[in-house]
Each structure stands twice: as structure tokens, then as C-alpha cells.
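S.K.: The UniProt record's numbering puts the sequence shown at residues 1 to 750.
Calculated from the structure, these hints are not laboratory results. Wrong hints could be hidden among the right ones.
Keeping only pairs whose Cα atoms sit at most 25 Å apart, straight-line, the calculated SDA-like set for lysine to any residue is [to be verified]:
#1 K299 to V174
#2 K661 to N596
#3 K276 to S188
#4 K233 to K454
#5 K683 to S669
#6 K233 to P219
#7 K454 to H509
#8 K298 to S267
#9 K644 to Q711
#10 K665 to P723
#11 K276 to G300
#12 K715 to T667
#13 K230 to N254
#14 K356 to G300
#15 K329 to P129
#16 K702 to G547
#17 K454 to P129
#18 K276 to P311
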Amino acid sequence: FQPAPPFATFPPNTSPLSLCVLSRRRSLPFLSPLGGVVVIIIIDQQSDEVMGDSKKLSPMAAPTASTTTTTSSSRRSSCNYYLLCCFIAAAAAVCLITPALTTGVDANSLDANVTAKLSVDASVRRPIPSTLFGIFFEEINHAGAGGLWAELVSNRGFEAGGPNTPSNIDPWLVIGDASSVVLSTDRSSPFERNKVALRMDVLCDVKSCPSGGVGVYNPGFWGMNIEEGKKYKLVLYVRSSDSIDVTVSLTGSNGARTLATTNIKGSASDVSDWTKVEALLEAKDSDHGARLELRTSKKGVIWFDQVSLMPEDTYKGHGFRSELVEMLKEIKPRFIRFPGGCFVEGEWLRNAFRWKESVGPWEERPGHFGDVWMYWTDDGLGHYEFFQLAEDLDTVPIWVFNNGISHQDQVDTSSVLPFVQEALDGIEFARGDASSKWGSLRASMGHPEPFKLKYVAVGNEDCGKKNYRGNYLKFYEAIKRVYPDIQIISNCDGSSRALDHPADYYDFHVYTSASNLFSMSHQFDRTSRSGPKAFVSEYAVTGKDAGTGSLLAALGEAAFLIGVEKNSDIVEMASYAPLFVNTNDRRWNPDAIVFNASMAYGTPSYWMQRFFAESSGGSLVNSTLQTSSSSSLVASAITYQDSKDQNTYLRIKVVNFASSKVNLKITVSGLGANTVGLSGSTKTELTSANVMDENSFQQPNKVAPAQSMLQNAGKDMDVLISPNSITSFDLLIESNSIRTRKSGPLVSVM
Numbered sequence: 001f002q003p004a005p006p007f008a009t010f011p012p013n014t015s016p017l018s019l020c021v022l023s024r025r026r027s028l029p030f031l032s033p034l035g036g037v038v039v040i041i042i043i044d045q046q047s048d049e050v051m052g053d054s055k056k057l058s059p060m061a062a063p064t065a066s067t068t069t070t071t072s073s074s075r076r077s078s079c080n081y082y083l084l085c086c087f088i089a090a091a092a093a094v095c096l097i098t099p100a101l102t103t104g105v106d107a108n109s110l111d112a113n114v115t116a117k118l119s120v121d122a123s124v125r126r127p128i129p130s131t132l133f134g135i136f137f138e139e140i141n142h143a144g145a146g147g148l149w150a151e152l153v154s155n156r157g158f159e160a161g162g163p164n165t166p167s168n169i170d171p172w173l174v175i176g177d178a179s180s181v182v183l184s185t186d187r188s189s190p191f192e193r194n195k196v197a198l199r200m201d202v203l204c205d206v207k208s209c210p211s212g213g214v215g216v217y218n219p220g221f222w223g224m225n226i227e228e229g230k231k232y233k234l235v236l237y238v239r240s241s242d243s244i245d246v247t248v249s250l251t252g253s254n255g256a257r258t259l260a261t262t263n264i265k266g267s268a269s270d271v272s273d274w275t276k277v278e279a280l281l282e283a284k285d286s287d288h289g290a291r292l293e294l295r296t297s298k299k300g301v302i303w304f305d306q307v308s309l310m311p312e313d314t315y316k317g318h319g320f321r322s323e324l325v326e327m328l329k330e331i332k333p334r335f336i337r338f339p340g341g342c343f344v345e346g347e348w349l350r351n352a353f354r355w356k357e358s359v360g361p362w363e364e365r366p367g368h369f370g371d372v373w374m375y376w377t378d379d380g381l382g383h384y385e386f387f388q389l390a391e392d393l394d395t396v397p398i399w400v401f402n403n404g405i406s407h408q409d410q411v412d413t414s415s416v417l418p419f420v421q422e423a424l425d426g427i428e429f430a431r432g433d434a435s436s437k438w439g440s441l442r443a444s445m446g447h448p449e450p451f452k453l454k455y456v457a458v459g460n461e462d463c464g465k466k467n468y469r470g471n472y473l474k475f476y477e478a479i480k481r482v483y484p485d486i487q488i489i490s491n492c493d494g495s496s497r498a499l500d501h502p503a504d505y506y507d508f509h510v511y512t513s514a515s516n517l518f519s520m521s522h523q524f525d526r527t528s529r530s531g532p533k534a535f536v537s538e539y540a541v542t543g544k545d546a547g548t549g550s551l552l553a554a555l556g557e558a559a560f561l562i563g564v565e566k567n568s569d570i571v572e573m574a575s576y577a578p579l580f581v582n583t584n585d586r587r588w589n590p591d592a593i594v595f596n597a598s599m600a601y602g603t604p605s606y607w608m609q610r611f612f613a614e615s616s617g618g619s620l621v622n623s624t625l626q627t628s629s630s631s632s633l634v635a636s637a638i639t640y641q642d643s644k645d646q647n648t649y650l651r652i653k654v655v656n657f658a659s660s661k662v663n664l665k666i667t668v669s670g671l672g673a674n675t676v677g678l679s680g681s682t683k684t685e686l687t688s689a690n691v692m693d694e695n696s697f698q699q700p701n702k703v704a705p706a707q708s709m710l711q712n713a714g715k716d717m718d719v720l721i722s723p724n725s726i727t728s729f730d731l732l733i734e735s736n737s738i739r740t741r742k743s744g745p746l747v748s749v750m
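Whenever a hint applies, use it, and build me the whole structure from the sequences.
M.R.: Right, here's the structure in full:
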């Protein structure tokens, strides 16, 4: 919106009717005490509509440019102004009764929404990095343990209470009373790095034990999801000084209903030493809150350790919960940053994630207590599994390692070399030949070929800490010496000033309100194009705007990503955070994917990322937006080749941050002889009745993209943009050859 000048000028020989039309088009705020009253009713109505976008932005108001106004008293001081007002008063009646008869003017234009024009020049393009949009996995909110990692038994090795005994075995619980069974722990496990085992003293026999026997059960991570017809792989280790007869069952949440069962029998000689038992349980019924039971009615002492239960149908047999991986595939991530985050740092270094303790046979991994997010992980989802996940997703791995710094303590630079060597060994594990020390371990785990590791991050959010720069330089120099092609990411933000140390990329993290993130669509417009590239490794709307995952949050994030997309010559990677939350342990809010034992749904922020799934590796197309409410509307355009039909599409994305509709005129040039295919062009929209609407287990798709055929697809389109919405128009280009030319900051591509 632009305020009217103190004195309006019109073309010669302007008729009263034409003046009325011009006034309505220009929204002139005439304030005459005489006939101007009528004109105020007509003209200022449109003025309010235009300004209404910025007025109605609350609570998601974007910063608006300041405007200058001229007071009505200064206007009244002009005699010419009075003459002009009289002229307008004479024309007012005509304005009121004849607007619908005026050629070229919509009879309802005063009640129409904001208008805007988007000009797209498809001939001016710049390649978008193939890695632009990806995902960031952190072990937070039980994202992995009890989530993406499909292990159903919580605290399977009885180590969660610490290495000393007696130990807390939570969530394992006893079946029977103290007169019939006693549970305890000792350090008799056969596994050197996790010595704690469960001892079960059975005090009753077949005559005195309660019906069904006594024992112990594990409810998993807030219930196990057991589904009829599916199979579950059981592994456990057992020993006893006597023969055993143990019933292993999957039951309903209260133990009353049996879903699957098997029996373990062994003579004293069979189980006098630790024995591995494997079985496949097939469920005859379903329960979303099931539990695993170990029962016996035979008097004696039995030890158990490393009790595991995994669904047989994990993703590609690699241990990942299939439906969660499928949700990740839906947004087509081009990289995965792992395993944290603060999870990598630890509150104290003694509790930081150490990759060497997360590889090798799962039974021998000691696990650790994550003291930032305050829960135990057995590290079944470890260093190897993260690289396997990246490969399964066909995406680039980005490994974040500890640099000798935690939240509360840090290693002096003079003593950091063991941490440096650990990082070098971790790279060798991923990239080394199968004959190398650490590469051979990877090969023994089932992957003789190296993983494709190219990016590493030295720590997380440690910039400014006492030893960060010194420690960082030790890592940088050592890694570049051995692996000169590895791209190294610094924790320090280089978007506004140059770094004081070498780096290939710098981290940029932002958690803020929806309006702030919306306004940050121009964050990188003036960032220096020399030096390291930017990696926006964590972004999200948080606080009251976000709820537990609102449409409002997604709008702010989408606008920010459009800015990232437009600045992808300097920003090469971006990922939302956090990725997952188990609804039973929400440590951070909001998150992209919400799940429990049996269900999962995407928040609006998850679906928002789907609009950018084709951007990586596409081409940014020159686009210019002209609007009377530029502070509430952002747009971009890209071309991409669809991986399924191999057709080329022009995708136009528009984010409307306001509560008013927008009439948008789209014009596309630069297609040459090519045309827009009407039958293959679509419109996709993410919106809802209320900007604070969220999805839930009861309404998982309340705020989800809706796709429809674009009926008026063409080089010139008039479209309606819904309030509080993200909209994409995918225009099918019927020829893969787009005429190009050189112009502006973008590079033409032939």
C-alpha cells in the first residue's frame, strides 16, 4: 500500500465517472468536510481492505514498512483542494449508482481482496544445490530409542540403572509377590562392556506358584505395538544351575490376553553357561499397548540378559520402524545430520555420545544415559546404523562429533588430541577400506563397501566457548591432512561477519516466533558470497506461535525456506529441528513427526517441507512479486524434473501470511515455443480454518496438503490465494527445452 499524495493529478479531460474509477483504483483518501464524506465511504473502504492485511496479521504480524501520511488539516488549507473536493462531491452520486457499468472495473472490486502480480521469467535460472533441503536427527523425545529404532524392549540389557549393582531395572516389573519370586541384579553378564544381568529367584514350585507362574515383564516404551499376523524376533540370553522351563509371551497390557507365546526348555547342562535363545513369535491377535512376559513355575534361580524383541518387518531388515522411514522418504531429504545436537555434547562429557561405544554386536554395546534429554539409550541405533539409514534414504550423511566440549565441562586444547583421533577413527569406520582397522569392523557388521561420508561438523553450538577455536583448529588440520576432500562445518555463524578460522561451511541455527521467521525470508540477501557456505542445520518456529505444531508455525517456516531457496548460492543446506517426538516424552516442542507405539502423523511443519521436496537439484527461476501487501506475501519459482514421470515442471510457491485472500495474477515468460500442459498441471494447498489448527492422532490430516487439477493452467493465470496458506502451482512444461538467456544475478542454463 502506498499513501496518496497531498494533491492528486489526473489525465486531461477526465470525466466525473472516470475520476470515480481512478479514485477507486488509487485508493485516494479524500477528507473534505463536504462532499468528501461520501467519497470516504467509497474510497477509504478499499484503503482499509488494502491495509487490512497488515492489521489482521496479529498474532502472526510481519514487520511492515513505515509510511508517511499527510494530515487532512494541511489539505484543507489549500483552496485548490476545496475546488477539487467540490468536483468530487458532484461526481459522488454517479460513483454510487454506476460502478457496475464502468468498462473494465469489477463491480465488487471495493470488496475484493488484496491483489498481487507475480512475474516469472523461466529463461533466467540458477542451479539449486542438490543438498539444499534435508533432515536433522537428534536422539531427543525418544526419537530413536522407542521410536525410529524398532527395538520393542526398553532397557533390554538391564544397564539403565548404571553399571553398579543393585541396579534399577525400570521399566521391568515383577509378576508375583515377594513370597514367590524375587528380582535382583548382579554383574554376571558375559558381555564385558555391560556386566549387569537380571537374577530371578523363584521361591515357589508348580504346586505353590500362582496360575500361569511367576516372573517378570517389560511394557516396552509405553506399550508394545503387536499386530495380528505379524512376526516378532525374540533374542535373549539365559543361564541357570538347574533345568529351566520358561514361557515367553506377548500379552495385552494387563497380561490377561495372550497374543503370542513360545516355550524355552533346557537341561541343567544346556544352560549352565550363558546360552543364546532365538525364537520367532507370530501374533494371533493385536494390542497397541502389549507387553513381553517371562514366566515359570519351576523353583530355582535363572539369570537373563540382553532381552530383545524386534518386528520382523523393519525397513529393509535394517532395524528401522518402517512407517517412520516412509514418512521421511515422503519429504525427499537430500542429507541427514546426526546424531545431534546437544545429544552429542552431553551436559557433562562423561555422558556425551561416543561413537566407538555404539558399534559392533548390539549385545556388547554399553549404552549410555543422555543427561541433556534425561533418558537412557542402549545405542542399538549407533554409528553404523545412522550411515545405513542415510544409505537407505539415498541421502548424504553429515556426522556431528564431540570436540571435547559439553555444556558444563571442556577439554583444554593441549589435551584434545584423543578426541581428534576418535574423530579420525570414526571417519575411517565410514570411509576406510575393509582391510583398515575400523573399516574392517564396518565390514564385519555387514557393509564391506565404504559409506559416502563427505561432511562432518566439529561440535554443536559451541562457538564462543573458551576452547572452541583452539580445539576446532586441531580437528580441522588433522582431518584435512588425511581427508582433504572432507567438508568441515564450523559452529560459528558467518552470515554477518567473517569467521576467524577456516571452514567449508558454517552453522546457522534459529528458533523464533512465526512473524520473526517470516521476516527472515531476507536473512541471507546481503550475506557475503565469498568464504564458507551456510548450513541452516536447525530452524523452527517455537513458543506460543507453535502450539504443538500449528499451521502458523509452518507459514513462518515456509517463508523462511523460500528465502533460503532464493539464496541457495550461499545457503547450501537447511534442516528442520527436531525431527521426531514420542508423544509420551515430549522434551521439546514442536516437532515435525509425532508418534506413539502404533501411530504417527506429520505436523503442518512436516507437510510444509513437502513443498520443497523437489527444490534440491532443481533450478531457481527469476520471479518478481508486486503486491499491495508485500509484507504478508512471499513467492518463488523453480523448475525440476519429476523422478516418477520424468516430465519437467515449473513450480511456483506462494506463502500468504495474512488472514485475507489474495487475487494473484501470474505471468510466465521465457518458455519460448514450449507450452504449459493443462492436463498435467496441479495446485497444492496447505491451509486450515484457523491459523492455530494442529494435527492429532484423532485428526492426523486436519492440516495437510490438498491437491487438485489446475483448471486454468497457462502462461497467464488469475488465481486466488487462500488466507494463511502455502500454495504451489506445478505447471507441466510440455517440452524439456526451455529457452534461456543471461540476465540479472541468476545464471542462464542451456
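S.K.: Against this structure, judge whether each hint is valid.
M.R.: Verification of the supplied hints:
| no. | hint | result |
| --- | --- | --- |
| 1 | K299 to V174 | 16 Å, holds |
| 2 | K661 to N596 | 37 Å, violated |
| 3 | K276 to S188 | 15 Å, holds |
| 4 | K233 to K454 | 35 Å, violated |
| 5 | K683 to S669 | 19 Å, holds |
| 6 | K233 to P219 | 16 Å, holds |
| 7 | K454 to H509 | 21 Å, holds |
| 8 | K298 to S267 | 13 Å, holds |
| 9 | K644 to Q711 | 22 Å, holds |
| 10 | K665 to P723 | 16 Å, holds |
| 11 | K276 to G300 | 19 Å, holds |
| 12 | K715 to T667 | 6 Å, holds |
| 13 | K230 to N254 | 21 Å, holds |
| 14 | K356 to G300 | 38 Å, violated |
| 15 | K329 to P129 | 19 Å, holds |
| 16 | K702 to G547 | 15 Å, holds |
| 17 | K454 to P129 | 15 Å, holds |
| 18 | K276 to P311 | 19 Å, holds |
Consistency note: the structure conflicts with the earlier hints numbered 2, 4, 14.
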